[in-house]
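If you read the protein sequences in the order shown, they are chains H and D. Under my numbering, think of the first position of the first sequence as 1, with each following residue one higher. Under my numbering, think of the first position of the second sequence as 1001, with each following residue one higher.
What the hints contain is simulated information worked out from the structure, not anything from laboratory work. Ideal Cβ positions, reconstructed from N, Cα and C, are used throughout, including at glycine.
Have a look at the derived ranges for each label pair, beta carbon to beta carbon:
no.: 1; chain 1: H; residue 1: L178; chain 2: D; residue 2: T1032; range: 54 to 62 Å
no.: 2; chain 1: D; residue 1: I1041; chain 2: H; residue 2: P125; range: 16 to 24 Å
no.: 3; chain 1: D; residue 1: I1012; chain 2: H; residue 2: I126; range: 14 to 22 Å
no.: 4; chain 1: D; residue 1: T1032; chain 2: H; residue 2: Y183; range: 54 to 62 Å
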Amino acid sequence: MIILFILPAFLVITFVFGVPLFRYAWMSMHTVSVMSGFEPIPNYGANWIRLFNDYRFWQNTIQTTRFAITSVTIELILAILIALVLNQNWKGRGLIRALSLLPWALPTTIMALGWRWIFNTPYGPIEKVASSFGFSPLNILSNPNIAWIATVITDVWKTTPFVALIILAGLQTIPNDLYEAFYLEGGKPTNAFFTITLPLIRPYIILGITFRLAQAFGVFELIQVMTGGGPASSTESLALYAYLNAMRFLDFGYSSTIMLGSFALLVFACSIAYFLFNKSKNRVTS
Amino acid sequence: MRGIINNRLIVILLMTWSLGPLLWQVYTSFATTNALVGIEIEETMRWTLDNYRQVLESDPPFHLYIINSTIVGIFSTLITIILALPASYSISKIKEKTRIISKTILLGAALFPYVLLFLGLLEYAREFNIGNNLLFLSIPYAALSMPLAILLMTAAFQDLPLELEEAATIEGMNIVQRLQYILIPLISPAMGSTAILVFLFSWNEYPIALTWISNTELLTLPVAIARLAGSSVYSVPYGAYAAATVLGSIPLLVIVLIFQRQIISGLTQGAIKG
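Isolated chain H (complex conformation):
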């Protein structure tokens, strides 16, 4: 009986999450492209050798990591601040909470397009403000050195509400008595934050970070719509590179290799982060 209940959901999950990964593993060992007429031809690891020597792949890895770490760090700091404010009792809190959720709820493509207009040179508001202060045009989206910062800002705008809600859930589990006792003992508010709040919301911070890092590592439509990966591939992400290989260069074998490679790097990065995190936790407790 139980099996009958679980099986359909289990099958659907296996077919959507499991099978593609095995399929990628198989395709990454074959040439499946225009060159082979889309017939799989075994190539004995040529895709993987190409991946290791692919400058663009490693460049994209660095860019994607840079994007993910910068975005998630800023989001976390802002989210904690917002959650602290939303956790207090004041009039109109519910409405503010709902409105601040809007950026998260809108489709990414819609607001990626919106932000592209905001960063537009010379007609966007940022350039207008800059020029009214006498700056020369910033050319934000066409300057390879700073275009990625624009993508980070858009991502922070969009996903901070989500992180803030997770942190808020954590804050609401802390009983008020803890703070009262702390203040009775003569503790200061700033210290209360570091000795009570932060340690107690730690699991929520970890959850938020893990989830967001994984999502940011797979960033795709935000980049595709805002910059198309440019200028000079300076904002291209791994997912976008894999997409281009499959849909534009029609090289499915290599695209599969990129996706498996990205996934392996993500797992590797997560385990390092987890290891460092545990180490720092042990140091704090001892």
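Knowing the structure of chain H, use the given hints to seat chain D on it.
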């Protein structure tokens, strides 16, 4: 914590930051191109409805994309709930050890950056010839939402007192009756939260819709918007873009304001129980 942060200032900053870009889109959508590029013109020449006219009179009409997204959203939500409900009931009943393993696997799947799956999923579409079909597009959406849905609803089932179901069994109710008359009504808040999160995900999903749907009449809203932007990164028909983004945002604005409680409880329950 009171006192160290100036609440009002932060709330004002937060609202400016969250809503500013949206209001800028609204402004842009009503402005003439001349006003946007900063040519000195009279006040009466600054405002226009042309952008909206242009979007609404396009072929296929813009509202079609909103309808398509809604269809996909409803189908995916139904499939997800129908499959996740029995699964989460069972997971809440199985042995502690098996349950923890199942939940860990589900959490891993929920965290997975699903965009990496698009090529594998596209192969299904080609193999079974099910691209360009909104109903079939709902199946991968349901599957991608399944891990989170099962986690949320399992937590809700586990929160119910055991005696409740025992009593119903003694009364002679079979498993379907127990679910139908007792358990499902009790977990309906969690079910509602799950449903609205799945709906939002499916409404907004991009990479899979992009690769599965090529028929312009079947495009979902996010893909239609991206296509609109597609051609050049530096072109300036931003008035029309803005009108499209405003129109595309209205359904979600309504959903968020009506269902904010369910959305927030879904996300926070996910964090607490997950």
